[in-house]
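Enquirer: One-letter residues, chain by chain:
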Amino acid sequence: MNRLAVELPGLSLKNPVMPASGCFGFGREYAKLYDLNVLGAIMIKATTLEPRFGNPTPRVAETPSGMLNAIGLQNPGLEKVMEEELPWLAQYDVPIIANVAGSTMEDYVEVAKHISKAPNVHALELNISCPNVKKGGIAFGTVPEVAAELTKLVKEVSEVPVYVKLSPNVTNIVEMAKAIEAAGADGLTMINTLLGMRIDVKTAEPILANRTGGLSGPAIKPIAIRMIYEVSQAVSIPIIGMGGIQSAEDVIEFFYAGASAVAVGTANFIDPFVCPNIIAELPALLDELGFDHISECTGRSWKKGGPTVYCGA
Amino acid sequence: MNRLAVELPGLSLKNPVMPASGCFGFGREYAKLYDLNVLGAIMIKATTLEPRFGNPTPRVAETPSGMLNAIGLQNPGLEKVMEEELPWLAQYDVPIIANVAGSTMEDYVEVAKHISKAPNVHALELNISCPNVKKGGIAFGTVPEVAAELTKLVKEVSEVPVYVKLSPNVTNIVEMAKAIEAAGADGLTMINTLLGMRIDVKTAEPILANRTGGLSGPAIKPIAIRMIYEVSQAVSIPIIGMGGIQSAEDVIEFFYAGASAVAVGTANFIDPFVCPNIIAELPALLDELGFDHISECTGRSWKKGGPTVYCGA
Amino acid sequence: MKTEKMTIVHHERIAKNIYQIRLAGALVAEMNEPGQFVHIKVTEQANPLLRRPLSLCDINKEADECTIIYRAEGAGTTLLSQKRPGEMVDVLGPLGNGFPIEAAKTGQRALLVGGGIGVPPLYELAKQLVKKGVSVTIVLGFQTKEVAFYERKFASFGETYVATVDGSYGTKGFVTDVIDTRITSFDVLYACGPKPMLKALEQKFPNKEVYLSLEERMGCGIGACFACVCRVPDSETAYKKVCSDGPVFKAGEVVL
Amino acid sequence: MKTEKMTIVHHERIAKNIYQIRLAGALVAEMNEPGQFVHIKVTEQANPLLRRPLSLCDINKEADECTIIYRAEGAGTTLLSQKRPGEMVDVLGPLGNGFPIEAAKTGQRALLVGGGIGVPPLYELAKQLVKKGVSVTIVLGFQTKEVAFYERKFASFGETYVATVDGSYGTKGFVTDVIDTRITSFDVLYACGPKPMLKALEQKFPNKEVYLSLEERMGCGIGACFACVCRVPDSETAYKKVCSDGPVFKAGEVVL
Ligand SMILES: Cc1cc2nc3c(=O)[nH]c(=O)nc-3n(C[C@H](O)[C@H](O)[C@H](O)COP(=O)(O)OP(=O)(O)OC[C@H]3O[C@@H](n4cnc5c(N)ncnc54)[C@H](O)[C@@H]3O)c2cc1C
Ligand SMILES: Cc1cc2nc3c(=O)[nH]c(=O)nc-3n(C[C@H](O)[C@H](O)[C@H](O)COP(=O)(O)OP(=O)(O)OC[C@H]3O[C@@H](n4cnc5c(N)ncnc54)[C@H](O)[C@@H]3O)c2cc1C
Ligand SMILES: Cc1cc2nc3c(=O)[nH]c(=O)nc-3n(C[C@H](O)[C@H](O)[C@H](O)COP(=O)(O)O)c2cc1C
Ligand SMILES: Cc1cc2nc3c(=O)[nH]c(=O)nc-3n(C[C@H](O)[C@H](O)[C@H](O)COP(=O)(O)O)c2cc1C
Ligand code: FES
Ligand code: FES
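Chains as they are written, first to last, in the working numbering: chain Y, 1 to 313; chain W, 1 to 313; chain X, 1 to 256; chain V, 1 to 256.
No lab work stands behind these hints: they were computed from the structure. In this text, a Cβ means the ideal position worked out from N, Cα and C, and glycines have one as well. Incorrect hints may have been included.
Unchecked claim - Here are the simulated lysine to any residue pairs, SDA-like style, with alpha carbons at most 20 Å apart: (1) LYS2/X with GLU83/W; (2) LYS202/W with LYS14/Y; (3) LYS5/X with GLU106/W.
Said to hold, decoys possible - Residues from chain W shown here face chain V by an in silico Cβ test under 10 Å; the list is partial: (4) ASN2; (5) PRO64; (6) PRO218; (7) ALA219.
Stated by the list, open to error - Among the chain V residues that face chain Y by a calculated CB cut under 7 Å, a handful are: (8) ALA24; (9) ASN47; (10) LEU49; (11) LEU50; (12) GLY107; (13) GLU216; (14) ARG217; (15) GLY219; (16) CYS220; (17) ILE222; (18) ALA224; (19) PHE226; (20) PRO233; (21) THR237.
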């Protein structure tokens with residue numbers, strides 16, 4: 001028995017650890033460092049219909065135990081991803097989760113329709129967390145009805161299961177998750193980045209050229225854990241958890257909260273070997289904790305416990 | 001000229017630095033360490049109508065560059081605060097901002113009516129960020145109409161200006177701020193804690209007895225900066241900024257974002273002298289940056305710049 | 001109570017994951033009571049963020065030095081364990097109210113019971129009691145032999161018994177097993193260790209004068225944040241703060 | 001390209017806030033091109049989180065050592081500056097594409113222009129050029145005398161000029177002021193320094209072979225995150241990554 005293997009809609013994973021979208025490009029750079037076959041899956045960089053250059057630089061800024069990014073969805077566009085990146089990735093025996101983004105519903109549908117046909121794309125991840133204010137500003141990621149509508153449209157055209165990536169920048173994440181589940185999503189991935197900003201004390205200018213950006217890294221881990229804890233109790237589709245994961249212990253914490261697999265983002269920048277290292281460390285940690293299989297950890301914090309009540313401060 | 005003095009509704013502050021509510025008790029402990037007269041103001045611990053014991057322990061947990069708390073609004077109740085704490089604080093020439101909390105609108109109104117009569121209470125701070133699910137669960141801090149209604153009711157009875165403390169756990173902080181401004185608030189304080197959670201890897205139990213708690217400290221600073229940046233451009237009432245402040249540089253960053261004064265919370269636990277130290281360091285920092293007066297810093301990041309557009313990742 | 005950057009003059013591993021650190025500084029002049037603690041900042045960075053509460057184990061006024069014994073387990077204590085003599089650590093203290101020496105009169109016998117990392121504060125306590133002319137009996141409990149420490153140093157103050165959970169050293173079992181079989185009489189009991197141990201002692205000696213040192217997760221460490229409260233018997237709202245009212249309480253004063 | 005915990009064998013302050021650090025490790029065997037950089041993790045903690053990109057200044061294959069010169073300014077470099085010989089630092093590298101030695105032929109003359117903390121990579125470059133038989137002229141620009149460094153070490157490779165903005169050392173003004181008045185001819189220009197300096201050089205020598213080393217804020221440092229891109233002339237979508245396509249580009253290859 002493979003103690004790390006997990007089965008999710010569309011995804012038979014040899015282990016539940018994968019790089020998060022946008023933090024691993026299309027795998028080429030990390031392939032120079034280790035054999036990508038060790039990975040459970042790969043979430044590739046957001047793909048849009050047309051090539052995008054993204055935002056002006058600086059695009060990243062450091063924050064306490066975290067970082068801000070405003071890459072602006074730079075990517076080579078659907079065609080090139082289909083013709084160059086995915087075929088290149090097909091040399092590896094690793095399922096690809098294609099992160100789909102766009103400015104309009106039609107964009108999403110178009111990308112989803114085509115990219116889901118690629119033989120090594122086993123699932124889609126809808127990146128609805130990008131309120132592109134410039135183009136219409138439809139808040140895909142923050143209005144449940146809009147997110148549900150988008151999910152439905154993409155489900156209709158996709159040849160593979162559809163996971164929807166939740167934005168943490170909402171009042172009620174459970175409501176979003178439920179609407180998306182009801183619309184037919186096969187799974188959820190969470191969390192995307194929190195909207196943040198830093199200002200240079202010397203110049204009084206925001207450090208990011210885009211002014212605001214998305215906060216990721218260990219700083220956001222407690223928020224991710226809380227949201228997964230809440231959502232996993234309210235839906236029955238599986239969750240791929242992410243947000244600040246750096247170690248095998250972090251992976252277990254996400255499972256306890258309610259995740260069935262995890263993605264590692266920012267930590268790849270700090271230690272490019274973080275994914276293989278975590279995968280290698282998990283079996284010993286399971287031994288130490290007394291679990292036969294990692295899936296026993298999913299939701300353990302609430303399967304044992306009572307309801308949540310918070311009265312801040 | 002006092003380069004640090006700022007004038008806000010109800011508050012003539014010798015400097016813009018004050019301890020944040022809940023991180024300074026009622027001042028007695030810190031008074032053993034330094035002369036409280038150096039402080040710009042003091043935000044006292046949330047006061048409720050009746051004494052409250054709060055949540056079971058553990059009530060705090062550490063997170064990367066942050067901490068979670070679920071104190072549960074423990075406080076000795078209105079009567080004792082009026083009879084013992086405020087008179088004791090009156091020995092200092094420091095305006096008090098009374099943090100007001102409750103489970104119902106009537107609670108808030110009742111506390112506000114009485115506590116605003118105390119001679120050294122120069123302003124109220126409405127803590128609407130506490131969705132006490134147990135008692136009715138009215139989301140004071142997340143529904144604009146409810147927050148506006150509460151603001152209006154409290155304004156009617158309060159003898160001093162009313163500041164409303166915004167919760168960051170919302171999709172649209174600007175909408176909240178505008179509704180509260182329209183309802184007559186004299187100022188805003190922001191941000192309160194972000195809802196988070198940690199789970200013990202050994203036991204699979206949440207570390208906090210209350211399960212979830214409020215995230216504070218440096219980790220949340222970029223979120224606070226972003227929210228103040230957005231809100232300060234949308235309202236014309238002043239903002240007292242807080243969230244992860246640790247240094248004089250941080251204070252300037254909050255001013256640039258749009259704050260007119262700041263509060264320091266968690267950092268008091270790490271360095272009990274942090275407030276007097278920051279106050280002492282500010283004049284030299286203003287010199288270095290070329291400002292005559294600290295109020296020149298308010299909103300400088302957006303007074304110079306363009307609009308915000310974020311297209312995450 | 002104030003903050004000081006104290007200098008590490010000695011730092012040594014004395015058992016598995018157990019470290020002894022000696023700090024020098026003016027703050028020592030303010031340290032008096034056994035059972036008081038200090039709040040230590042282990043890094044100048046924002047992470048790990050919070051201070052760590054650690055008990056005073058030995059106070060040496062002549063040398064302006066104090067000793068602390070701690071278990072390196074989590075992020076903060078592990079970082080602390082990497083510091084070398086000559087480096088500084090930021091110390092806030094002394095904090096809290098310690099064990100009352102005056103509770104035991106000259107000529108009386110005190111029983112000191114320590115469990116695991118609750119053992120260190122009993123060392124300064126034993127020292128001060130013996131100096132006053134109080135006889136002490138010491139019972140120390142550990143998980144296993146490899147994490148046991150200081151039993152020989154305690155033996156210089158009085159009869160010292162050791163219990164280990166796995167029986168690898170001393171009596172197999174808990175401190176209460178030792179007490180049941182070996183301890184005949186005492187006037188005052190002082191204890192520090194895990195909560196189940198403290199509860200067992202409280203129940204065992206309802207009519208004795210018993211002082212217990214509590215542990216609780218802390219924020220400020222000085223009484224301002226309400227992180228570390230415990231309940232007072234028969235009250236809905238009354239409370240004590242472990243950091244500033246304790247950490248030592250008389251048995252029955254607070255709900256364990 | 002891999003990661004290694006390299007050992008600090010020497011660490012010294014050589015000018016105001018400017019430090020020279022020498023690291024030993026097997027990774028040196030992979031270091032070849034001047035202008036390549038390494039990505040350094042300055043702490044085991046989560047804060048400061050990101051690695052810091054720093055250029056190779058001197059590669060000593062025989063000793064398996066490399067030297068880096070950096071300015072201690074922000075949180076990360078300040079932490080680095082506190083590390084002592086014998087300690088380890090986590091290094092990812094060597095990264096990027098450096099200055100092309102082959103662009104200058106034996107017997108030709110190269111002009112090396114460095115500004116501030118852009119000076120270090122020119123040292124290894126000068127060394128390799130001279131070894132190949134290329135004559136070098138060096139122009140170094142600093143803010144003031146107190147932050148100037150290495151000018152004497154460069155002088156051993158060829159004529160070396162210094163400019164300081166405040167005139168406290170060498171010519172008063174910018175490197176371009178020195179070039180205007182002192183430099184008569186050269187075949188290839190290599191430069192590293194602040195963007196305004198690079199722009200000025202690019203404009204000044206439109207018909208020369210010019211290589212410029214760029215700086216950009218980085219995430220991964222290896223080409224995966226799209227943090228460090230710059231534009232390519234006359235294209236809406238084409239780009240180059242400073243970390244993996246650069247940091248050295250031929251003038252005109254990317255938009256400065
Ligand atoms: C009054 C008092 C005196 C103490 N004296 C000693 C002593 O002399 N020697 C010793 O080894 N330990 C002592 N402890 C326990 C010690 O404070 C913790 O073991 C330590 O804080 C754990 O830090 P960490 O970095 O290893 O763990 P982490 O898991 O990184 O800690 C995370 C957070 O939880 C807190 N925490 C974790 N465990 C405990 C605990 N058991 N009690 C309180 N807070 C905890 C930490 O302070 C920190 O805020 C004492 C505790 C208290 C309250
Ligand atoms: C290819 C390359 C080579 C470099 N070589 C050298 C060198 O040899 N010597 C040297 O002193 N400096 C060099 N730099 C600049 C150096 O990377 C920054 O000065 C350093 O990262 C600042 O870190 P900090 O901790 O002082 O500042 P902080 O303000 O704490 O940095 C915060 C974040 O911003 C980034 N950052 C800040 N300033 C810069 C900058 N100028 N360029 C890129 N990122 C920055 C940091 O890497 C970090 O992610 C180089 C930069 C690049 C891109
Ligand atoms: C530089 C960068 C680029 C990212 N790009 C994308 C993206 O293209 N699509 C997406 O859905 N999420 C993107 N993300 C978000 C991550 O996939 C992940 O959800 C988030 O960073 C939280 O995980 P972490 O803390 O492990 O990084 C990006 C994050 C970073 C830091
Ligand atoms: C232990 C603790 C208790 C708090 N209690 C209160 C409270 O009673 N009322 C309130 O409005 N905010 C309370 N807060 C929130 C702080 O006032 C502040 O808004 C928040 O912590 C962010 O600032 P910081 O990062 O500087 O701590 C509390 C925060 C902490 C850490
Ligand atoms: S730790 Fe803050 S009150 Fe005890
Ligand atoms: S720093 Fe990540 S692509 Fe260059």
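Enquirer: Now tell me, hint by hint, if it's right for this structure.
Expert: Right, here's what the structure says about each hint:
no. : hint                  : result
1   : LYS2/X with GLU83/W   : 29 Å, violated
2   : LYS202/W with LYS14/Y : 25 Å, violated
3   : LYS5/X with GLU106/W  : 49 Å, violated
4   : ASN2                  : 31 Å, violated
5   : PRO64                 : 5 Å, holds
6   : PRO218                : 8 Å, holds
7   : ALA219                : 9 Å, holds
8   : ALA24                 : 21 Å, violated
9   : ASN47                 : 4 Å, holds
10  : LEU49                 : 6 Å, holds
11  : LEU50                 : 5 Å, holds
12  : GLY107                : 37 Å, violated
13  : GLU216                : 6 Å, holds
14  : ARG217                : 4 Å, holds
15  : GLY219                : 5 Å, holds
16  : CYS220                : 4 Å, holds
17  : ILE222                : 5 Å, holds
18  : ALA224                : 4 Å, holds
19  : PHE226                : 5 Å, holds
20  : PRO233                : 13 Å, violated
21  : THR237                : 4 Å, holds
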